[in-house]
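> This note's numbering puts the first residue of the sequence shown at 124, with every later residue one more than the last.
Source of the hints: derived by calculation from the structure; they are not laboratory data. Incorrect hints may have been included.
In silico lysine to any residue, SDA-like type, Cα no more than 25 Å apart, as pairs [said to hold, decoys possible]:
| hint | residue 1 | residue 2 |
| --- | --- | --- |
| 1 | K244 | N164 |
| 2 | K336 | Y423 |
| 3 | K365 | Q350 |
| 4 | K275 | F239 |
Computed spacing ranges between beta-carbons, pair by pair [unchecked claim]:
| hint | residue 1 | residue 2 | range |
| --- | --- | --- | --- |
| 5 | N152 | N358 | 42 to 52 Å |
| 6 | N314 | I348 | 19 to 29 Å |
| 7 | K324 | N358 | 19 to 29 Å |
| 8 | S142 | D390 | 25 to 35 Å |
| 9 | T306 | I393 | 35 to 45 Å |
| 10 | N152 | C436 | 42 to 52 Å |
| 11 | T315 | K286 | 31 to 41 Å |
| 12 | N245 | S203 | 47 to 57 Å |
| 13 | A331 | K416 | 38 to 48 Å |
| 14 | K339 | Y181 | 33 to 43 Å |
| 15 | N335 | E139 | 41 to 51 Å |
| 16 | D459 | Y413 | 39 to 49 Å |
| 17 | S142 | N314 | 52 to 62 Å |
Note that beta-carbon positions come from the ideal geometry of N, C-alpha and C, so glycine has one too.
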Amino acid sequence: MNEESLYLESVELLKELISTQSFSFHEENTATLLENWLNKNSIPFKRHVNNIYCYNKYYNEEKPNILLNSHHDTVEPNDSYTNDPYEPIVDQGKLYGLGSNDAGASLVSLLSTFKFFYDCKNLNYNLIFLASAEEEKSGKNGIKSVIPKLPKIDFAIIGEPTKMEIAIAEKGLIVFDLIIEGTSSHAAHPNTNNPIQKINKIIDQINALDFNKVSKTLGKVKVTITQINAGKQHNVVPSNVKMVVDVRVNDLYSNKEILEIFQQNVDCKILPRNLELNSKSIDSNHQINYVAKKLNINTYGSPTLSDQSKIKCDSVKIGPGDSERSHTANEFVFLDEIKEAIPKYIKILETLKI
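Input sequences plus hints: build the corresponding full structure.
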């Protein structure tokens with residue numbers, strides 16, 4: 124099948140995906156939609172919960188395995204949408220709709236790439252395509268639950284919006300729940316242990332944290348306070364203040380090291396939600412860097428997390444669209460981005476030697 128036909132098929136599939144609600148943990152219908160597409164194209168597949176995966180036709184156990192992965196779950200639409208998030212609208216070269224950019228365009232482009240190579244007899248490697256679930260919430264039934272069912276993966280391409288540049292590294296993530304303890308009382312009475320009055324001190328301590336190791340590809344560790352909650356009524360001093368801190372970790376720190384620095388320097392209860400989402404980077408001598416140079420593809424370090432954090436093998440992140448459009452109102456992808464992505468993915472795989 125030629126690249127133009129693959130592109131047109133990809134756009135039609137993406138429109139169907141946009142029209143089908145698929146919030147994290149509730150991707151049953153898009154999983155079934157992908158099953159139907161694979162059946163229509165005579166490609167055998169397996170399903171684990173809402174994850175769909177399949178192998179190239181002439182799979183050979185003696186060859187290395189390359190995983191092509193993207194996710195089909197979405198976040199919920201925010202309140203600023205003026206379009207119907209589930210109506211795939213094409214206007215001035217843009218395809219609008221929830222999940223169009225993150226990561227529907229990558230998903231359909233990688234699937235079309237897989238289809239291009241599916242029945243090739245003389246590949247130097249095997250291809251495994253995986254449409255994973257629960258990526259947006261790092262759920263237990265996402266990619267992490269599927270990897271043990273697959274053969275050893277030697278290299279993975281993770282489809283996320285990168286403007287088709289190759290992210291050779293990405294920051295890890297820790298979300299901390301902070302609890303500032305105090306003493307509850309009636310507002311009319313003296314109280315020297317009001318937790319709200321401790322907030323400034325805690326914020327100052329967080330701002331003073333010194334993460335002095337700066338990565339060449341990922342820059343500095345970034346710490347952002349994203350939520351502060353306290354109190355329920357005007358005349359009651361609350362017993363505590365709850366804060367949420369988002370930490371994006373470079374490849375020079377482990378998540379456990381970040382936790383230790385917080386515990387040593389911030390005077391409140393510190394509860395990490397997950398310490399497993401560490402940063403990821405690929406060796407500078409890996410073949411993908413040669414491929415990027417040969418094909419004149421820019422490489423960079425990504426500040427955003429993906430399913431790379433949940434797999435052990437060497438991997439990179441690359442896909443059509445722009446990360447800055449992800450999770451925004453009236454999300455869109457340029458149709459030309461999909462049209463250009465498929466031949467670029469194909470060229471990368473034709474050039475890559477594993």
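> Can you name, in rising order, the numbers of the hints this structure does not satisfy?
Hints 8, 9, 10, 11, 16 are the ones this structure does not satisfy, whereas the remaining hints hold.
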